[in-house]
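*Asks:* Position chain V relative to chain X; hints supplied.
The listed protein sequences correspond, in order, to chains X and V.
Position one of the first sequence corresponds to residue 1 (the UniProt record's numbering), numbered consecutively onward.
Position one of the second sequence corresponds to residue 1 (the UniProt record's numbering), numbered consecutively onward.
In case anyone wonders, no lab produced these hints; they're calculated from the structure.
Certain hints may be false.
[Unchecked claim] Restricting the straight-line Cα-Cα distance to at most 25 Å, the calculated cross-link-like pairs of lysine to any residue (SDA-like) are:
(1) X:K345 - V:F105
(2) X:K343 - X:A323
(3) V:K142 - X:A262
[To be verified] In silico contact screen, one side only, chain X against chain V (beta carbon under 7 Å); selected entries:
(4) P31
(5) E244
(6) A261
(7) M274
(8) D284
Glycine included, every Cβ here is placed at the ideal spot set by N, Cα and C.
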Amino acid sequence: MKNSKLTKLGLAAVAASAVFGLAACGGVTDPNAGSETTETAEAASLVAPIANMECAEGTEPTGEPIVVGGSMSLTGPLGGTGAVHDAVGNLMVEWINECGGIDGRPIEYTVLDDQSTPAQVTSNYERLLSEGVDLVVGPYAGAAALAGAGPVSAAGYAYPTATNGVPESLIGENHFPSWQIGGGATEGMWSLAAEDLATTLSQADNAPKTAFMATQKFPTTLSFAEAQKPAFEAAGIEVVDSVEYDMGTTDFTSIVTRMLAADADIVWIGAVGMDISNFQLAFDSLGYTPRNLFASLSGPAALASLGDAAEGILVSSLYEDNAPLNDTDIARYFTSAYLEVAKEKNLVPVIETQAAAGFGMWQILLTAVAEVGPDNAKIIEWLGTNEVETLAGPVKFDGYNGYGSDLNRVAQVQDGKRVIVSPEEFAGAKIRLN
Amino acid sequence: MSGDTLALLQTLLNGALLGCLFGLIALGLTMKWGHLGVPDFFHLSLTLFSGYLTYTLVTGLLMNPFLTLLITVPAMFVIGVLTQWLFFTIKASAFTSLLLTFALFIVAESVMSVIWSPDMLSMRSWLDSSFTTAIRIPVGDKSLSVLPVDVMALVLALVLVLATWWMLKHTRWGRALQAMRQDAQIAEVLGVRILPITLIVSGLAAATAAVAGMVVVVRMPLTPGLAMNWIGVVIVATLLGGLGRPLGALIAAIVLMMVQNAWSLWFPPQWSPAVAFGLLFIYLALTPIIRIVRERVELRRNREQAV
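One chain only, chain X, in its complex shape (with noise of 0.2 Å):
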């Protein structure tokens, strides 16, 4: 009996100094204490948001409201990103009532979550369509893109979209996409992100000889990966090794062991959402420091979960908050308003990618509403014929589904900032290789 509860006691001892030793082990620091490194909202002064409309403060919208509707990722695993384009395009809607309506009518914004969910987006479209909204706009990523294109096109509505990764999937005419991956080609669409980005590492200094490629079976990642190592071959960096993986992976480390043997110049991550951030943790794990790194369509709060170790890594881009992109007087009030959204919303305070692609898409469709009113059949005319200043630069709709400009960046984490590297004429800074 005494024996037992001796027993007992040794053992509780154990546990709780495993528990407490182990607590001593490491502490916790704020990172934001000491340094203001939460992105602040600069007072800008209020604009239309679309180039063609005149802002009328203080002006109350009388008419009939103009009804977009839209399927959106609000929860599943792509709700993160998908929580981005839900506020801007709350954001956007607030601001041109803010300005008086489209002739002087105001717009409302109906979103239905479609769960992260191809078929929940196609079933979404649907009801939005039978309920009669005026206009739609499109979900979030490729495959939600793809499965809305079915019943929009049907009932002839224009399909504005952010950003769809799968650009050579036919939707047709009434397609018009705010990043535009392809950039008019009519084969290989990726081919031109996959050109820029081989051209922009090879030309600059320490220039990479080898790679390493870990792509996610995703559509636009699939897609990319495809078009790089050709890429890669023509710019003289040579693929050593590539790997594959499924969605939802979190555990890294093998593949990054395969890195480690591997011991390419640079690796590419073909990899959308939070993947980024797991494979640091296994970069972590193994000690492991990779001397350049790509992490092609990684979520803005993924890679401000990195800290410090972001630092270096470059990531395909659309736009980033640095001149000449930021400098115009729709992106410093879009700026603002964002910061304070994102603050309010528990959103990554950056403008990157995935916000500028979502505005860029709403800008689209109320510049052509503007134009020719909320009439889809005109919109779809208006915008196959004409160009619309979007935040990200001017796009047009000419090329192959839709595509018309090559809108591919690519930017860099320095400095701990966000910044676009190439093409030189959207430059903020000059790239920067190990």
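*Replies:* The following block gives chain V in isolation, referenced to the frame of chain X:
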């Protein structure tokens, strides 16, 4: 030692340590499934919920992650008790419990999205380098790397699993639980108090989710849908380890992750999840065959003894 051997050792080590985390998550599940007959998917949500709660306490109050257990463990215990009390009150069958816990699992994702936003949250930049800097273990002229948080998962998994195993084997309470599992009615007749034991087991199982959630948030970024990624490994480990056997679940999780990692080292990583389910399939397919063979062998032995 060659580079290939070292790479394999490193991969197996990482798999084993990650397996400890999944074994820790599986601990509560195997206890509830094996001893209370509740295949509790909601346990995974509680693990993630604890991770979020820990995140809030650490980033809001700058609490040491270990000290947050003083809040999250009792909180999860209460949730575990209440959930089981609900099942008891409505006299839920195993199938009804399965449906209810799965429904709670889905609802929990939305609730966490609303409270913490669907965006990714990471505690990495809040933790000092003692959590994130790899420990080097010399092996010949080279070295293996281990993250401190993985060592933490290993220690906590061993402590909790061994403590549970010991309690099941060596305490009156544990023996009562096993009796209850074999035949609840007979156990009750013999004086086992079914309801209090059921509620306490459920509460303790949920309390282990708090510990696992703390390890999760220190180790990886959180998203509301993260628990969905664990289902495969945790369920397979629970089944392979034997329902109600915490040590079995831990060992199964470790072996599973080692096999998955080794597979990813040599073969296309996209097939590694299929390996886990492949092992489960083989186990389920072989189990009846092994049972039949064993029964025949015993039958023959009995006949021989009778002759």
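*Asks:* Determine for every hint whether it applies to the structure shown.
*Replies:* Hint check results:
1. X:K345 - V:F105: Status holds; Cα separation ~24 Å.
2. X:K343 - X:A323: holds (23 Å)
3. V:K142 - X:A262: Holds - the C-alpha atoms of X:A262 and V:K142 are around 17 Å apart, at most 25 Å.
4. P31: For X:P31, the interface hint holds, since the closest Cβ of chain V sits about 4 Å away, which is under 7 Å.
5. E244: holds (5 Å)
6. A261: holds (6 Å)
7. M274: holds (5 Å)
8. D284: holds (5 Å)
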